[in-house]
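Novice: Residue-level listing of the chains:
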Amino acid sequence: MPVNYYITLALCLFAIGVVGVLTRRNAIIVFMCIELMLNAVNLLLVAFSKMHHIAKGAAAVTGTDGQLFVFFIMVVAAAEVSVGLAIIVMMYRNVHSININFLNRLKH
Amino acid sequence: MNITQLLFWILTVIAIGSALMVITSKNPVYSVLGLIITFFAISGHYILMNAQFLAIVNIIVYAGAIMVLFLFVIMLMNLSKATETLKNKWMQIVGAIAGGCLFLVLVAALRNTEVKKNLVEMGTGNIGLVKNLGHELFTTFVIPFEIASILFLSAMVGAVVIGKKE
Chain A
16 MPVNYYITLA
26 LCLFAIGVVG
36 VLTRRNAIIV
46 FMCIELMLNA
56 VNLLLVAFSK
66 MHHIAKGAAA
76 VTGTDGQLFV
86 FFIMVVAAAE
96 VSVGLAIIVM
106 MYRNVHSINI
116 NFLNRLKH
Chain B
596 MNITQLLFWI
606 LTVIAIGSAL
616 MVITSKNPVY
626 SVLGLIITFF
636 AISGHYILMN
646 AQFLAIVNII
656 VYAGAIMVLF
666 LFVIMLMNLS
676 KATETLKNKW
686 MQIVGAIAGG
696 CLFLVLVAAL
706 RNTEVKKNLV
716 EMGTGNIGLV
726 KNLGHELFTT
736 FVIPFEIASI
746 LFLSAMVGAV
756 VIGKKE
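Here the protein sequences come in this chain order: A and B.
Residue 57 in my numbering sits at position 42 of the first sequence, and the numbers go up by one each step.
Residue 713 in my numbering sits at position 118 of the second sequence, and the numbers go up by one each step.
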């Protein structure tokens with residue numbers, strides 16, 4: 016497959032994530048849309064690593080770096096989800112809502 | 596159209612459709628299910644590109660662990676009914692227009708790049724196998740790997756400290 020199909024697919028998923036973050040008011044769904052954006056970038060990194068391997072396939076390990084970056088993105092995303100969901104649960108325990116219009120008191 | 600291209604288009608349609616289901620469904624549980632389907636479709640794309648290690652890690656970590664965590668929190672908060680007030684129509688319209696403009700700008704910027712004709716290797720190549728990635732991970736990237744373990748430990752301790760009842 017040409018690489019621009021993968022670019023378009025990843026951009027489409029990323030734009031859907033951005034629209035979800037901008038329009039939804041539920042904090043958990045906003046969080047899930049961030050995960051969607053991270054996965055769009057992961058898909059693009061894997062596609063570029065395979066493109067790099069077929070274009071410059073002199074060494075056997077060409078393109079491994081991109082896939083390892085995807086692995087580290089997954090690691091950071093898992094840590095982020097655990098802390099973020101703990102924060103959301105704590106906020107829900109205090110204000111009994113996860114509407115992010117009510118959760119804007121960090122700015123005061 | 597051979598079988599690889601057919602699978603690519605099927606997985607693309609599944610991924611985009613279920614991603615749209617994430618942002619449009621009123622019930623948060625259906626959003627979680629849509630996101631799980633999206634992750635499985637992305638794992639299918641990884642398998643098509645022969646990145647088998649990432650496909651399995653994606654299913655285990657995202658579709659297995661993180662989505663169960665999301666579903667558990669949603670069930671814990673009893674949000675299964677539509678608790679979201681959707682009265683602000685203008686914000687939704689403006690948000691959709693802004694996201695669509697971002698999509699158009701990115702596509703227009705990346706449409707005529709140098710790499711347009713380059714092919715993505717499908718189904719062959721062994722850089723995505725566990726052997727090569729593990730070798731690279733424990734030689735070149737061993738310090739980020741160890742730092743990631745410290746990050747996980749601190750995130751775990753932080754989640755416990757935040758979630759503790761005072």
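Read the hints as simulated data drawn from the structure, not as lab findings.
Treat the hints with care, since some could be wrong.
[Unchecked claim] Quick list of in silico lysine to any residue cross-link-like pairs, SDA-like style, CA-CA up to 20 Å:
| id | chain 1 | residue 1 | chain 2 | residue 2 |
| --- | --- | --- | --- | --- |
| 1 | B | K684 | A | V45 |
| 2 | B | K712 | A | T23 |
| 3 | A | K71 | A | V91 |
| 4 | B | K712 | B | K621 |
| 5 | B | K621 | A | A42 |
| 6 | B | K684 | A | R40 |
All values reported here derive from a predicted model rather than from experimental measurement.
Novice: All hints, please: hold or fail.
Specialist: Hint-by-hint comparison with the structure:
no. : hint             : verdict
1   : B/K684 to A/V45  : holds, 17 Å
2   : B/K712 to A/T23  : holds, 14 Å
3   : A/K71 to A/V91   : violated, 29 Å
4   : B/K712 to B/K621 : violated, 41 Å
5   : B/K621 to A/A42  : holds, 13 Å
6   : B/K684 to A/R40  : holds, 12 Å
Violation of the numbered hints given earlier is confined to hints 3 and 4; the remaining hints are satisfied by the structure.
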